[in-house]
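Here's the letter readout for the chains.
2 protein chains.
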Amino acid sequence: MPILQLEGSQLAKTDNLNAYIIAPDPKAPRLTRAVDGVDHDGNPANISVVEERPLTIFLNGQEIVTAMTIGDYPDYLALGFLRNQGMLKDGETVKGVDYDEDLETVVVRTDGETTYEEKLKKKTRTSGCAVGTVFGDMMEGLEDTTLPDLRVKTSDLYALSATINRTPSLYLEAGAIHGTVLCQGDRPLVYMEDVGRHNAVDKIAGWMLSEGISPDDKLLYTTGRLTSEMVIKTALMGIPALASRSGFTAWGVEIAREVGLTLIGRMRGRRFVCLAGEERLVRDADPSSIPEEDKKHRRKSADA
Amino acid sequence: MPILQLEGSQLAKTDNLNAYIIAPDPKAPRLTRAVDGVDHDGNPANISVVEERPLTIFLNGQEIVTAMTIGDYPDYLALGFLRNQGMLKDGETVKGVDYDEDLETVVVRTDGETTYEEKLKKKTRTSGCAVGTVFGDMMEGLEDTTLPDLRVKTSDLYALSATINRTPSLYLEAGAIHGTVLCQGDRPLVYMEDVGRHNAVDKIAGWMLSEGISPDDKLLYTTGRLTSEMVIKTALMGIPALASRSGFTAWGVEIAREVGLTLIGRMRGRRFVCLAGEERLVRDADPSSIPEEDKKHRRKSADA
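Just so you know, the protein sequences line up as chains A and B, in that order. All residue numbers for the first sequence refer to the UniProt record's numbering, where the first residue is 1 and numbers rise by one. All residue numbers for the second sequence refer to the UniProt record's numbering, where the first residue is 1 and numbers rise by one.
In isolation and in its complexed conformation, chain A is listed as follows:
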């Protein structure tokens, strides 16, 4: 598959709003809806809320899961989900991805039966149903994960969060949604949003898989918390650095340290904390020169 060559770090740090390959489309009619209600003063309130739709993902003949999603990029979501769950392994060729909007299903077809399907059949014979177990295998493959030795410039981190916070998004339009951004140097490449926090990451994984994007020089930025699942997904995607404006869980930190992933959290204005992979950081920016976060770009609670 083609490996995209991008010279992001050569772009000016000031003008990256137009550098996106995929950016949020807050005005897309299918993604938000205006809803009438009543406010605290008893006055009519018409507010814009995000859509949320079920999408059932199939791997060949096998129903895998029903995800709640905003509904954009169902093909990337399905591919990325199966990939991040280890159900779609290297060397398995995807013949096609068929999305049916009416049936709210997406079917990923591979060239022959996947090892996951074989495994599931076996487990199904023994234990009745094994999805729980198989989902439990998600950490499988982590032990032989080695992440590239990327340099992460703090100047890029600051430039990225400034650009991302200024990017028109469904969050700014309607709130109550999570964002994840695939970044290279100081350049945000693909900004996915979803009601399901992990869907946003899976959509990025699906895009990378389809386009044959190398993870080696990338950083993943998320608005969500740095939980074990976020860290595992990032590591399985081969991305060496994960940054968030939100906090950590202990297990997320533990796994990041085990796999050698650089983990940066609580990133707001000039502030951040690095709890794993500190050695990748190149501290080329003077934090005191970074302005505090503009209040209107401060995320309140897109709690998921």
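Because the hints were derived from the structure by calculation, they are not lab data. Every value quoted in this text rests on a predicted model; they were computed, and no experiment measured them. Honestly, I wouldn't trust all of these hints.
Unchecked claim - Residues from chain B that face chain A, not an exhaustive set, calculated with beta carbons under 10 Å: (1) Asp39; (2) Thr115; (3) Leu150; (4) Glu229.
We put the CB at the ideal spot given by N, CA and C, even for glycine.
Following the hints, complete the assembly by docking chain B onto the known chain A.
Same frame as chain A, but now just chain B:
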């Protein structure tokens, strides 16, 4: 089972911090961990982060799911999860709940095989594995849900959020965690927190099931977004009102209107928006008399 009689609404609106039956225990050693890192200035940072543990839930002999949880109240979590997934129905007697801390498993034992297990067996025979499908049945039972005609005083809503924001919690201690509170009148009864947003709700459902608590005069407060799943769970629990400081999804609003649930969101300081079940609101408080939210109690992003 005993129905707890509580005269919450007769308590003074100013002193409810001690009214909890279950409150967060931010100092419990098992729930948080101090982790060393480096801050934006390159100085050592020692921060408190929440724990996150896998917990595999079994229904009798059947493995159901592995949840990521902070690890308190595994018994309530398992009961509430099975109940809210419709896997544990009325009339099915729970013989016991066995938690094994070392194996990180919790087994809910019922008096004989549940209808869920029979259904799963049948589906397993036909489609290999049916957990996806069976989880898809979650909205089952919603059509015959009728929610009691509770009066929701806006004075109680304001009192509740003031009390809840002032309550010592893991969120205030370590951040990156969600909270859900079962309330009666202006009194918060049970305040559960978890890294998994839905776990907090399930723990409350499990507690209500164990204690035989009537949902009729209760309101559920959550820090998380008002998604379809939150609305469905609240309705299935029989609770007529759901309030959040966070936002809405379109499908969440739709379902709330269908089942007649009062849905209040974006509740911060004197502000809120009601998008469903407005008729339950008793506007007995003057919003202009309500102070804006104290900055230090403002939740930033406990994004999940």
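Hints, verified against the model:
A distance limit of 10 Å between C-beta atoms decides the matter here; for Asp39 (chain B) the minimum to chain A is near 5 Å, and the interface restraint holds. Restraint check, Thr115 (chain B) versus chain A: the minimum CB separation of about 15 Å is more than 10 Å; hint violated. Residue-level restraint check for Leu150 (chain B) is violated (minimum Cβ-Cβ distance to chain A is 17 Å; threshold 10 Å). The closest approach between the C-beta of Glu229 (chain B) and any C-beta of chain A is roughly 7 Å, which is under the 10 Å cut-off, so the hint is satisfied.
The structure is inconsistent with the numbered hints 2 and 3, although it conforms to all the rest.
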